[in-house]
Amino acid sequence: MSSKVPSDLRYAKTHEWVRVAGEYATIGITDHAQHELTDVVFVELPKQGRALKAGESCAVVESVKTASDIYTPISGEVTAINDAVVANPALVNTDPYGEGWFFKIKLTNPAEAQNLLSAEDYGKQVNA
Amino acid sequence: MLKRTPLYESHQALNAKLIDFGGWEMPVQYTSILDEHNTVRKAAGIFDISHMGEFFVTGTGAQEFLNSALTNDVTKLAPGQGQYTLMCNERGGVVDDLYLYCLGLGNYLLIVNASRIAADFAWLQGLHEKHPNASKIKLDEKSASYGAVAVQGPNVAKFIDAAFPSDVAVSTLAKNEIRMVSFRGELIYIARTGYTGEDGFEIISPAPLIAPVWEECLRSGKDHGLKPCGLGARDTLRLESCYPLYGHELNDTTSPIEAGVGFFVALDKPQFVGAEVLREQKANGPAKRLVAFKMTGKSPPPRQDYAIWSADGSQKLGAITSGTQSPTLGVGLGLGYVPPSHAATDTSLQIEIRGNKFPAVVVKKPFYKRSAGL
Chain A
1 MSSKVPSDLR YAKTHEWVRV AGEYATIGIT DHAQHELTDV VFVELPKQGR ALKAGESCAV
61 VESVKTASDI YTPISGEVTA INDAVVANPA LVNTDPYGEG WFFKIKLTNP AEAQNLLSAE
121 DYGKQVNA
Chain B
1001 MLKRTPLYES HQALNAKLID FGGWEMPVQY TSILDEHNTV RKAAGIFDIS HMGEFFVTGT
1061 GAQEFLNSAL TNDVTKLAPG QGQYTLMCNE RGGVVDDLYL YCLGLGNYLL IVNASRIAAD
1121 FAWLQGLHEK HPNASKIKLD EKSASYGAVA VQGPNVAKFI DAAFPSDVAV STLAKNEIRM
1181 VSFRGELIYI ARTGYTGEDG FEIISPAPLI APVWEECLRS GKDHGLKPCG LGARDTLRLE
1241 SCYPLYGHEL NDTTSPIEAG VGFFVALDKP QFVGAEVLRE QKANGPAKRL VAFKMTGKSP
1301 PPRQDYAIWS ADGSQKLGAI TSGTQSPTLG VGLGLGYVPP SHAATDTSLQ IEIRGNKFPA
1361 VVVKKPFYKR SAGL
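Same order as they appear, the protein sequences are chains A and B.
Residue numbering for the first sequence follows my numbering, beginning at 1 and increasing consecutively.
Residue numbering for the second sequence follows my numbering, beginning at 1001 and increasing consecutively.
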């Protein structure tokens, strides 16, 4: 089964996506990741205001079977977290790129986005 | 190379997600653990349990031998009856937990955990060699020759007779009974047993016949909501029902008394392996007890190996052996060992999850019990 990989996003090898808009970015986990995790039953997000470095473990997503660490693909300060996904973790499964987003950050260095995978490259990684 | 059951190709065709389960390539889920769990609670599910082991113990000395090797009272079994039982070492630790069926006089079938097949058979062989009546007892390890499926859920009794027509309807089997049934010209075993907390049957057949058995169940059960279910749902279902799982609640340094399955230890039997330690534990109380607990507020799901603390957080009591977010009850719950001082129902506890402690409470077992029927 082929996973959805929207072309307007950037990706980390560790299966997070980033939607960059100027100095801000929204982060979540990919369709491939939610499919691998299966039914998500709990999401733990970083505190608002926390400064994150690219690659830092900052959230936890738990399925029926396992707990998995989530890493921010890009550095910045957390400006918003998705309370809806904390209240209803199944949103990660039903709408990973939309209502299932995790958190927003103000970017420390927007140029970092260039280090992330394009949709084409990430698609090759997961749909090979 | 992982071992595969005779149903491997069926799992592949159904697009199952396959995992390494104790050296076996097994389906953890077909669609979703939550869906499959709920399907078994509300309708019916079929599980491949072909990885489990089948031993036959036969001969005029078989009953007496098994009664000395296993904890439950084998003499209570008439032909066609089964019982849950355990096999202990001299220290009272559990070698394995298993189902024992009496197929006829001097003819017994043991269904053991997949991960314990080699250890169990070696253990039984060791006991056999030392047994005074060894020549009147024969042990056969036939796990590779048999396949098995479990069909579980409230709707199963509605289609089992259509799937396996027989002179005496299969649905007339009482709980823990087993019968031989003719299927496609060969004999298969059908028992009214399971590991989900629902009504259901376990079907054991010669390995080449298990795929036709699986197909027949799916065909007959289709209109009753029967779906293939993986080991993920099997685990959440058994945990809600507080059935222990070897390697989690049970191991060779934990006793059945500590694990809360003393009901299946016939301490009044003349002699069996581990009896001295188990009698002592029963009389004086064990050093630890398996408790069922529920999280009392919002928290991450409790999981195996997380520490269990006293309510005030001052004393580390033990660790979780199995934990999950309960699909049926919608709360975090689990099993774990604590000192008897903290094992009473309603005792407040704390569970440590990633450095934070969350409140929990000891509850009566099981978490889930079906409302009526068998």
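Any given hint could be a false lead.
Straight line, CA to CA, 30 Å or less: simulated DSSO-like cross-link-like pairs of lysine-lysine [to be verified]: (1) K1076/B - K1364/B; (2) K1316/B - K104/A; (3) K1298/B - K1042/B; (4) K1138/B - K65/A; (5) K1294/B - K47/A; (6) K1076/B - K65/A; (7) K65/A - K1003/B; (8) K65/A - K1042/B; (9) K65/A - K1298/B; (10) K1288/B - K1269/B; (11) K1357/B - K65/A; (12) K124/A - K1369/B; (13) K4/A - K1017/B; (14) K104/A - K47/A; (15) K65/A - K1227/B; (16) K1364/B - K1288/B; (17) K65/A - K1269/B; (18) K1369/B - K104/A; (19) K13/A - K1017/B; (20) K1227/B - K4/A; (21) K53/A - K1298/B; (22) K1222/B - K65/A; (23) K47/A - K1357/B; (24) K47/A - K1298/B; (25) K1142/B - K1175/B; (26) K1294/B - K65/A; (27) K47/A - K1227/B; (28) K124/A - K13/A; (29) K53/A - K1357/B; (30) K65/A - K1017/B; (31) K1369/B - K65/A; (32) K65/A - K1316/B; (33) K1288/B - K1357/B.
If you are wondering where the hints come from, they were derived from the structure by calculation, not from laboratory data.
We went through each hint and held it up to the structure:
| no. | hint | verdict |
| --- | --- | --- |
| 1 | K1076/B - K1364/B | 28 Å, holds |
| 2 | K1316/B - K104/A | 38 Å, violated |
| 3 | K1298/B - K1042/B | 26 Å, holds |
| 4 | K1138/B - K65/A | 41 Å, violated |
| 5 | K1294/B - K47/A | 27 Å, holds |
| 6 | K1076/B - K65/A | 39 Å, violated |
| 7 | K65/A - K1003/B | 22 Å, holds |
| 8 | K65/A - K1042/B | 21 Å, holds |
| 9 | K65/A - K1298/B | 18 Å, holds |
| 10 | K1288/B - K1269/B | 24 Å, holds |
| 11 | K1357/B - K65/A | 21 Å, holds |
| 12 | K124/A - K1369/B | 47 Å, violated |
| 13 | K4/A - K1017/B | 18 Å, holds |
| 14 | K104/A - K47/A | 11 Å, holds |
| 15 | K65/A - K1227/B | 20 Å, holds |
| 16 | K1364/B - K1288/B | 17 Å, holds |
| 17 | K65/A - K1269/B | 41 Å, violated |
| 18 | K1369/B - K104/A | 44 Å, violated |
| 19 | K13/A - K1017/B | 22 Å, holds |
| 20 | K1227/B - K4/A | 27 Å, holds |
| 21 | K53/A - K1298/B | 29 Å, holds |
| 22 | K1222/B - K65/A | 28 Å, holds |
| 23 | K47/A - K1357/B | 18 Å, holds |
| 24 | K47/A - K1298/B | 17 Å, holds |
| 25 | K1142/B - K1175/B | 25 Å, holds |
| 26 | K1294/B - K65/A | 17 Å, holds |
| 27 | K47/A - K1227/B | 42 Å, violated |
| 28 | K124/A - K13/A | 11 Å, holds |
| 29 | K53/A - K1357/B | 27 Å, holds |
| 30 | K65/A - K1017/B | 13 Å, holds |
| 31 | K1369/B - K65/A | 22 Å, holds |
| 32 | K65/A - K1316/B | 25 Å, holds |
| 33 | K1288/B - K1357/B | 22 Å, holds |
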